[in-house]
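Number of protein chains: 4
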Amino acid sequence: MNPYITEEKVFKDPVHKYIYVQDQTIWDLINTKEFQRLRRIRQLGTSYLTFHGAEHSRFSHSLGVYEITRKIISQFERNDYPGWPREEKLLALCAALLHDLGHGPFSHSLEEVFDTHHEEWTCNILLEDTEVNRVLRRVADDFPGKVAGVIQKTYPNPIVISLISSQMDADRMDYLLRDAYFTGVHYGNFDLERILRVLRPVQGKIVVKESGMHAVEHYLMSRYQMYWQIYFHPVTRSSEIILRQIFRRAKELFEQDYKFEWMPGPIKQLLDGTITVKSYLKLDEAYVQAAFLHWEDEEDALLAELCNRFLNRRLYKYITMTNPDDTLLEEISLQFTSIGLNPEYHMEIDFPFDQPYDVYRPDSKKGGKEEKTPILLLDEQDRLSEISAKSDIVRSITGLHQGEYHLYYPEEPLIEAGTKLSPALRELFKL
Amino acid sequence: MNPYITEEKVFKDPVHKYIYVQDQTIWDLINTKEFQRLRRIRQLGTSYLTFHGAEHSRFSHSLGVYEITRKIISQFERNDYPGWPREEKLLALCAALLHDLGHGPFSHSLEEVFDTHHEEWTCNILLEDTEVNRVLRRVADDFPGKVAGVIQKTYPNPIVISLISSQMDADRMDYLLRDAYFTGVHYGNFDLERILRVLRPVQGKIVVKESGMHAVEHYLMSRYQMYWQIYFHPVTRSSEIILRQIFRRAKELFEQDYKFEWMPGPIKQLLDGTITVKSYLKLDEAYVQAAFLHWEDEEDALLAELCNRFLNRRLYKYITMTNPDDTLLEEISLQFTSIGLNPEYHMEIDFPFDQPYDVYRPDSKKGGKEEKTPILLLDEQDRLSEISAKSDIVRSITGLHQGEYHLYYPEEPLIEAGTKLSPALRELFKL
Amino acid sequence: MNPYITEEKVFKDPVHKYIYVQDQTIWDLINTKEFQRLRRIRQLGTSYLTFHGAEHSRFSHSLGVYEITRKIISQFERNDYPGWPREEKLLALCAALLHDLGHGPFSHSLEEVFDTHHEEWTCNILLEDTEVNRVLRRVADDFPGKVAGVIQKTYPNPIVISLISSQMDADRMDYLLRDAYFTGVHYGNFDLERILRVLRPVQGKIVVKESGMHAVEHYLMSRYQMYWQIYFHPVTRSSEIILRQIFRRAKELFEQDYKFEWMPGPIKQLLDGTITVKSYLKLDEAYVQAAFLHWEDEEDALLAELCNRFLNRRLYKYITMTNPDDTLLEEISLQFTSIGLNPEYHMEIDFPFDQPYDVYRPDSKKGGKEEKTPILLLDEQDRLSEISAKSDIVRSITGLHQGEYHLYYPEEPLIEAGTKLSPALRELFKL
Amino acid sequence: MNPYITEEKVFKDPVHKYIYVQDQTIWDLINTKEFQRLRRIRQLGTSYLTFHGAEHSRFSHSLGVYEITRKIISQFERNDYPGWPREEKLLALCAALLHDLGHGPFSHSLEEVFDTHHEEWTCNILLEDTEVNRVLRRVADDFPGKVAGVIQKTYPNPIVISLISSQMDADRMDYLLRDAYFTGVHYGNFDLERILRVLRPVQGKIVVKESGMHAVEHYLMSRYQMYWQIYFHPVTRSSEIILRQIFRRAKELFEQDYKFEWMPGPIKQLLDGTITVKSYLKLDEAYVQAAFLHWEDEEDALLAELCNRFLNRRLYKYITMTNPDDTLLEEISLQFTSIGLNPEYHMEIDFPFDQPYDVYRPDSKKGGKEEKTPILLLDEQDRLSEISAKSDIVRSITGLHQGEYHLYYPEEPLIEAGTKLSPALRELFKL
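Residue numbers (our numbering), protein chains in the order written: chain Y, 1 to 431; chain X, 1 to 431; chain G, 1 to 431; chain H, 1 to 431.
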């Protein structure tokens, strides 16, 4: 079998202009049903409710991660850098393309409620009887396992892992550029071409020539701004809270043997914890939204209300608080109950900075898989040093965080309640 | 009621940078469930299967049409042009925002099979008991009817109609820019700011100052290129064909009393022709795709195959022919049947230039509502003339068309059939 | 000598993002004084008086032509196309970089008056005792001659010539993009990356894969628009006319033994036709403008006036005429003389379409060196055909021209003359 | 006199797309010879020797500052903010347009050597008998004085001053965007449209609505990066050093009664300190470069060498040092002298961070006119607070600086000297 396509294939991409496919394996992977399914999973979850342009899918992001990886490797090969193991090229490209394969609909909310992990699903899809698995096995019998190993960060050759999982990997570089493009918030633009030119494969790591330090500073600043302005946007958080509560309520009802008007197989399996790969692959965002469209008419008023809120963008409002005060929260909870609200569903405190907040931390030693290789600079004497040792600006943003928290709640019933609420609460909620 | 919002609202938009909302009515319309539903209808139908960036919705396009209309009117007001009837501003803005409200999922294919028309649905939604209707009635009792009149082109003041329906209207200007942005095909860029500056309201029409002729030429060239490269792209046509056949097959089966595994109310009503506004509003693309995800497992092999093709992007291939030859088509049909294909579903001839091809035609006198006001230039002596009388380049592209047609078919069964097909056919299909 | 630079050098360029230098010879050429001089010659002559952003120099354009050439060749080498003679790479790069080396200040106007030709000066600089010549001779003794041969189109290997001189060469592709960028008139943008990907070296020519036809159409449309909107802009023509008249007047005065207050060596040699390469190299736009700053105070009123007009942008106005009518022109000339104007300097007829108008003409058989290779498409059967045979749109713009002409004149004296001019003339000049 | 132009005039601008002129006074000012002269003064001095795109002039920057000011005021007027004094509009626009009128050729270097100040020249040009003065006096007799007052920051209405002179004024906003555009270094892009929308005139200051804080953070980060990557670029510093030495050497020679081959009036007056406004206006960059082209052939070897270095970009190299050590500098000086160099001209220490380094400093209390109004945020309760009190990120970059210094020197004589230099020096200079 000729591993190369005679005439390279091209996808028009608004972020990278073109995406080039040269290997038959990559082409075949893109055409599998499991990869095509990513067209029905949005890259940014519910962010489109805040930034209406953010309707792009994980399909386009996955192609982008592949393309950046291809460009990095192509630069390494063109310059014949000894630190790059040429035989790992196809593996790295496949892992880049497939790293998000297991994402479910609105993954973050789904995972919190059902305790599933998209990385695990990715590996299941790679290793079980799927079209993707069949394409990979045509390369070698142990190839699906190798790809899974790279994604799980257990593959013995660390440089392959660091391409798609480090503080400045192809995944992150693509999503910052792509999310900036589709939201229209141009804070996320950085000079990709410059960064690609200064990457070097050294001692099992991808490092950066010191002359490129300014470009890296700019990348880190862009990332910082994107986190606070897109990823942690309070309106997006509100929609994620609603979504999580839909899932929670459905689970709760299911466990109480509530009789759903609409309950197809895959969702039932999700609720009772017996879901298979085949069913999981049905569970795209179209499917889940169709469920919400049905549940909007369910008898359970809470589930119906939450679905209505999500579909029609009737999100919870929020107030900002600087100190969590248990007495106050208790009081709010009591008064909410007194006007017919359910505090378990109708009030939620959100600490954005407790999220896996992705400020650059050189010494992140959390243990566990969240830890990412720091960014290393390579000087002219081939010495490596961690970037915050050299850059004032990186040092200055390292560890920054914003301490406030938000209390989310439905505004309409509070307005209706009027003087049933205490003056203190009415002031707090600006009624 | 104060018709203005105290602090104007802003949407971040990648095409226009920001979209500004200053009227309470516009704000309320955007927040209706009928308008929010447009987030679940893609602007370009199945084009995302060809250009993966084209995942943007009619929601963002509708905001864009509103914004361009707002900018045109604001320029007219700032300059106090006597030709602009100031009292029509809110009407024009509402019509711009709502003109696509009645679009169903993958409208063009749906409409061909079920003989529905999105303009009619738009008017139904405006006039029946909906949230949109309630917001509009707050302006005046006859206001919903006026908005419907503008969209149906029956409103007595033609200048209001021409803002959203003419050869260079806000609708078209937004979609060319937006589709160019999201596909990444930059042929569609033209100088919007320049065009906005040279529009003038004269004698019930929006005309163009002659000094802006070059900008208009560029706009028409952009449009020409976008049609041939995006809107008529043969791969997109292929996916539309598949989609239409899914709808046709479902209808056929339904009429044969086939027992569907999955057949929810709104779709059943669509099939038996009894669909109401309430049900129609459920019918977004998420809902229809969820149907396809179920139908992929239907017993009817043809329906299952077509859904599988659509969801997993296994599209029909095509060959290009310059002359439709009945004998040849007959022969193909016969041989297709002989290898177990169904010519009614497995071969389809497509003449892109028979489409409502949107080349600029100054004298289009088709009668009927497709006809659009031509582009008029206003010279320094306030005389009007149709643009192709002055522009060599517009004249040169007027009436251009490409005469070839495409025959679409599934490739896999032909490959499998091998020598069961005649040598002539095998050559024709390059097997 | 190692012909490659150990670490490639990079120039930041707003059009191509980066310009990459990999050969020591290219690096050394850029650092010669003759090449650095191009920083003091504007790319677009007097266009900056119409489009204030157009202040970019031939230095940046020359780097751009080099970079596009480098990219084309790099694509040919990466794909190992047999039609590309690898041994010609350095020659092609040098010719691309140096093709504009002989441009003088405001070349077009200068050349018309003094009958010099920048191509000849380029060859003189390449072949005489200059820094450029020394760098080229380090490659081989006959290398300067080869570079000159490519630029003069006498080099025996035609594919090398066609890289920098054909209907879609690196020169033209760079200037359209660059002039669009610096003027801010984005009509000139086309999809360079796409075009670079579809170029193929075949039979001594650079041809285009047929699948790239639309990108070529777009390129030709961009070119068409740039010509009419930038290059032939009537205000720019006016400034060129003034400039030419300054040169004419200086020559005339010199021939009449007028005693100039300021007349340095190089300009004197230019006027008496004895100019050497060494002096020519002094003659940049700074030098010529300094001359005008002195001549503004010359005793000769006409020269002083023309310099004042040029420096302070007091350009001639123009009226548009559709038919040159000798009787009318005679009459204008008489009346101009009667109010103290000099028709030889104060009226000038301009036919922009008599310029070397660069519409694409497939069959241009003018003989002479202006003729450029047409654009050829390569189909899947490796057959070549001229693009206008396949593209409706190219055919439609081929041969388009605009027939009107302009009469340029100084407006102030006409206003002052008042009724001394006949009513007919006053109407003609809208006084 | 009608103060408004009947049909507004438009300049195409690559940064702001269009620049709109609506007042006859502005139009007349642009057409004065003093304003047109700014076309011959580069915005970024010698930066074009580092970033070849940076060839744009103060003419285009001045139009840009005018346009941003116009947009800010137009927003204030549209919203009828009581804090904006409508009667000051024309004054503010004129001051914005003319604030750079007095810049000489390569101002910074020129001013250091000749102790002139462009602000003073601006005022001289405004107040003496010039075309600009005549246009301004047509508004009112005291109008030129008012414009000068705004530029000198003595005008009694501080809000007018703060438009063109504060930590986030129209001047700075234009140059960051413009310099980013022309160099191609996109670090300088920030969201101008967003910032314009959140500015408010309050208590004699232009302040920022708190909701716009992120946009301001981004602006300050852009500024930070532009300073370190463009404005303080070591290669640009090298060219400025050469330039300063040319001026110093010319002055020194002049004071020694050296007989120059070429010494025209305006330069002579500059050297002997008798320069008038009329002569100063001749002194553009074309004029000065023409002087260098002559001086390249002067008998004084040092002056000739320096001019050659500047014109042909043979700049000094530099080494980086972290601690200025007098003994070492003494030693370098001695050895330089011993090989025929002149330490006064051939070595120069540069501390970029001693420059008027423009990091944002909220509490800059330097006294003197360099001090700029800090950026104030306006919260929903109409309270003002300085931005670094609210923004972690602004606080983190406030006061950052980089402590190293550079030693500039000519490399060629050191290479030639070979072992005549001590081993320590040879190591220091990496010979």
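For the record, the hints were derived by calculation from the structure and aren't laboratory data.
One should not assume that every hint holds.
For lysine-lysine, the following DSS-like pairs were computed, each having C-alpha atoms within a straight-line distance of at most 27 Å [stated by the list, open to error]: (1) Y:390 <-> Y:420; (2) G:9 <-> Y:17; (3) X:317 <-> Y:33.
Not the full set, but computed from the structure, chain G residues with beta-carbon under 7 Å of chain H [stated by the list, open to error]: (4) 36; (5) 53; (6) 107; (7) 108; (8) 286; (9) 390.
From a predicted model like this one, the values you see are computed outputs, not experimental measurements.
Beta carbons are placed, not taken as given, at the ideal position from N, Cα and C, and that holds for glycine.
Problem set entry | Violations among the numbered hints | Violated: hints 1, 6, 7, 9.
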